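Chains as they are written, first to last, in this note's numbering: chain A, 54 to 556; chain B, -19 to 162.
FYI, nobody ran anything at the bench for these hints, they're computed from the structure.
Nothing false has been slipped in among the hints.
Partial selection, computed: residues in chain A whose CB lies under 8 angstroms from chain B:
1. Ala225
2. Leu228
3. Leu233
4. Leu239
5. Thr246
6. Tyr251
7. Leu281
8. Glu282
9. Phe450
10. Ile459
11. Val468
12. Val471
13. Ala475
14. Arg509
15. Ser513
Below, a sample of chain B positions facing chain A; criterion: calculated Cβ distance under 8 angstroms:
16. Arg(-13)
17. Gly6
18. Gly18
19. Cys27
20. Met30
21. Pro88
22. Thr93
23. Thr96
24. Leu97
25. Ser116
26. Ala122
27. Met123
28. Pro134
29. Phe146
Only a predicted model underlies this, so the values are computations on that prediction, with no experimental measurement involved.
A virtual CB, placed ideally from N, CA and C, is assigned to each residue, including glycine.
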Amino acid sequence: MDIGLASLLANLATGFSVAMTPTNLGLCLVGCLLGTLVGVLPGIGPTATVAMLMPITFYLEPTGALIMLAGVFYGSQYGGSTTAILVNLPGESSSVVTCLDGYAMAQRGRAGAALAIAALASLFAGTVTTLAIAVGGPAIAGIALLFQSPDYVAVMVLGLVAAIVLAHGSLAKALAMIVLGVFLGLIGTDVTTGEQRYTFGVADLFDGVGFVPVAMGLFGLAEIMLNLESRAKEGGITRLRDRLWPTRADFRQATPATIRGTLLGIVLGILPGGGSTIPSFAAYSLEKKLARDPSRFGKGAVEGVAAPEAANNAGAQAGFIPMLALGIPPNAIMALMVGAMMIHGIQPGPQIIAKQPELFWGLVVSMWIGNFMLVILNLPLIGIWVKLIELPYRYLFPGIIVFCCIGVYSLRNSVTEVMFMAAFGVFGYVLRKLDCEPAPLLLGLILGPLLEENFRRSMSLSGGDFSIFFTRPISATLLIGAALLLGFVLLPAVRRQREMLRD
Amino acid sequence: MLRGLNRDSVAGAMFIAIGAGGLITGRALNVGTADAMGEGYVPLAMCWLMIALGALIVFNALRAAVRTDPTGSVPDVTARDSPLVVAVGTDPEGSVPDVEPPAFNPRPLLAVTIATLAFALLLEPLGIIVAVFASSLCASKAMPAVPLSSVLLPAALLSLAVLALFVWGLGLPLHALPRLGG
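Same shape as in the complex, but just chain B (with noise of 0.2 angstroms):
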């Protein structure tokens, strides 16, 4: 059963949890009939088509698990979620450049996040210096094993380039410091 749960499959339920979201939460608006359509008719027949296409796919990814090999391991992640790589219309033995298929690392993923929404957070109250002070020490985390003095004086040249380039150049209504008293 494990051997079914792969990316397709994964993807399949994530449509149709999706799409039942959809009809779960839309089920107030008013459908209307096909000549007088309502705000809800086509939305709704989004989600249905959403449902329907995740149960193919999930229907395909168990179809497919069920028909490889027991002792071949179809590894999850290849060098194709490189972003570098593309597979279309080469013949089968081209070469491309090498690539290490990247691990599943949530680094990246929590640094970048994190440096957006601290941005979005400190913005208002603290003023775009902090702003971008803050974020890009968060965004610097995604690498590892950086030491902290490394990263503070490209966050604050950013910080003062972002000030210059924006607020002074470009004349963006963003306050560069904090706001006191609100």
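Same shape as in the complex, but just chain A (with noise of 0.2 angstroms):
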């Protein structure tokens, strides 16, 4: 594959092409606009929107359709800043930590220049990622075309593990959450036999478990009863009294912090289990310990506010390449976007780089324009987005709920699987409270039937020798990667921070 720059200039003017129609751009806008107000509103974030989107996108051409998911996702991460700055409530988990010296800021009467800091941290981080998405996603593809059935099943088998390793929490539980997701996508016909399995003669479960009807009970109901549940003080809103933009200080201060969250957030959105939200905190320590007068982190620290920012942007962005160069996602939401293309009969896997060229440049022009579209949506028109706020949670989750059933019907028009959503409400409430991670099940329930088509075929290739997993090369690299992070999470003093962070 052909990667000079002769050639990332002709796509990326492919990709120009493509997404300056007036449909991809008007799909961008709505996506950006969702994201921002989903954002923004705290109960609901990305996972539950996209999950929501699915069935819409059934009507929509498949580039216009992850143009559109895509700007939900990068489009929260902008507008959960806002609210963190301006009210302390963090509209998401990755925005929890920009609460922190953003609300501070906002109450030295500093909101403005703390809003602009976090927009334009944020527009450098996607862009700075969408160009390592365009530079990196076919280098990459390139190597995975060398992929054989054994390295895929070795590949899948490192990025679980990276999933758990990531994750805080007990890794037997994560690791539980996985296999359980594995089983579940598997259920359903085989097939390779024909047989059913675990369907009990329901029709709906020939086709397997629905991954959406799971996803919006894990994510989007589950979400609704826990929120229901809790009561969180938030600070007074805070009025923009001030100036828009940020001193020629803060600029020297929040430059190098936002390079820095960038390429933390490039790394480890990549990583499976990666995301946003663990870039977010994992900038902010850094930056944290590197400061030279430390103590001022917590009371208004510029850099408090643009590297997280910076990273969790790059980290939501940088979750495509392993997406569109690999067909494997690294986290649940990427998760969705893959059944988003399966929905559109497209295969995701290192192919789609060479055979669908205005998907995948398509999607990273738009990538960068919605960059863009959001500063203008964040900056300007903050003032409504502080306004929608206000508006009593308790008009808002019956529809919701009501949008999570009529989505989830009219993909199969399937009241059972409406029924089964409820389900996994109940399943997800649950897990929660036994303090389980849902998102490794979605994972797993997406990831599990490519595992087990590979498995099998690796050892029809073999003929049932397990060491094939250990003659290939590239094979063999991958599990020794993924028994080196297990063994080093395993280490007792790495498990003694974790168990501390737990509690």
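Could you use the hints to bring the two separately framed chains together as a complex?
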């Protein structure tokens, strides 16, 4: 695959022609708007929103669908910071860290500067990460074309191990959730033998447990239940008193923090289990450790806003790299996007970049355009978003429930699926109460069938010999990497730190 | 013995139960051999894995319960349960927005679930307007002490909004009104 500069420019040109069509621009705007909205409102996140939009993507072109869904995801990173800074209420878990210094800045009358820094840092991160996708994506896909079945198994194992390792909380529980997810993913008709597995004669299960009802139940309904239970104390809404623009000193301090946050975000976002929350926390910790005067943090340090904001945007977008280049989603929301592609009959994998260049490059360019749209949406239009937070949750959540129901129903015109969603809502609630993270389950659910198919093929290739995973160089390297990662996390010193963080 | 009954041990027991359930209900599945896997090979392997992991989780939980100071109580529900708090990578004394720990309250769980089931059961026989209206009434039960009158109007508005958006706007094949005579 040609990765020279000339071909990069040619590809970007293709991307522009795709992204700039009125439909795709419109979808990008809708995605960014919805994303910002969802990011501003606590209690509903991008994962649940993407799950709810799945049925609508049926009626759209695949490129347009992905553009819109991507907009929701990185848009929510922008929106979350707005409420974090103004009201000390993080709309997203990735904005929790922004509350610390962002709200502090707001309380000193510097809300405008904080918002601008957050938006600009996000824009920088978004642009750089888009470039990373444009260059890195095809490169990784090129390597991935050499993959055969055992290598796919190995990369998925590495991915799942990394997902548990990077997650907080009990390793055993996260692993058990993945296994449960894989198991659920295998329910249905076995493609190879044609036999039924765990369907108990229920016709709606013949095609497997749909990931949309599961996702909406686990993330949407369960989240609503938990929100209704708890009440968060939010700070008073700060008025925008000062000028919107940061000072030169702010820029000087924020710039290196932004760069570091972006790089950290890209690295952590590519790794499975990434996403945007972990990078934002990691970036904040890094800045605090590197600062000459760490006591400034928590009182309005600009780096405390710039770094996490850059990291969460970079992390969100970087998740597209393994998804597009390998067809392997690093986290739950990317798994949903893979699902969206499958709904349109597109089989994700390294061949996508070569076989569907308009999809890949169109998406890449629209991400860049989307970031600009978001800066415009978030800076001048802030007043509107702030008004929205004042909308009582009590009017909002019945609507969300109803939208989830309609969405699930319209997929297969099946009320049984809606009932599945209800069941998974209860299950999701139980899981949270038992301190089990639902995201690994969704990952397992989506990867399960892929994993089994490749595992089976590897075994029939090798004639039942398990050593095939270690005799192939790519697969052996990846599995050794997974083992090292697992070993590292099981080390006593690391264990103690993790346990400390848990409590 | 009751001290061992904490979140982790229940979680572990749950995994063991699911795994065992899978093994029992799936015993008729053909396992096959490694080079010619039947449909049961991987699913049953997953069940065994769940049992093993569940046992490990229970073991760790019981061990931790024994190590806990008998006078100190480890609260079963902490601020960590709040969906807004994520404890990763911060320094231990890092401050997070102040959140009240939620008590276990069955209302939201029941209200949301019943609202969803109401929609599912009422949609086909009675049409979308009734289904949405009923569903949002059930949902509003999640919040205590809300007078019925203040709930009826938003529910009605929601039904109309849904009708406008999904049936007229997007053209989804949903029946608006009850189907008379089935």
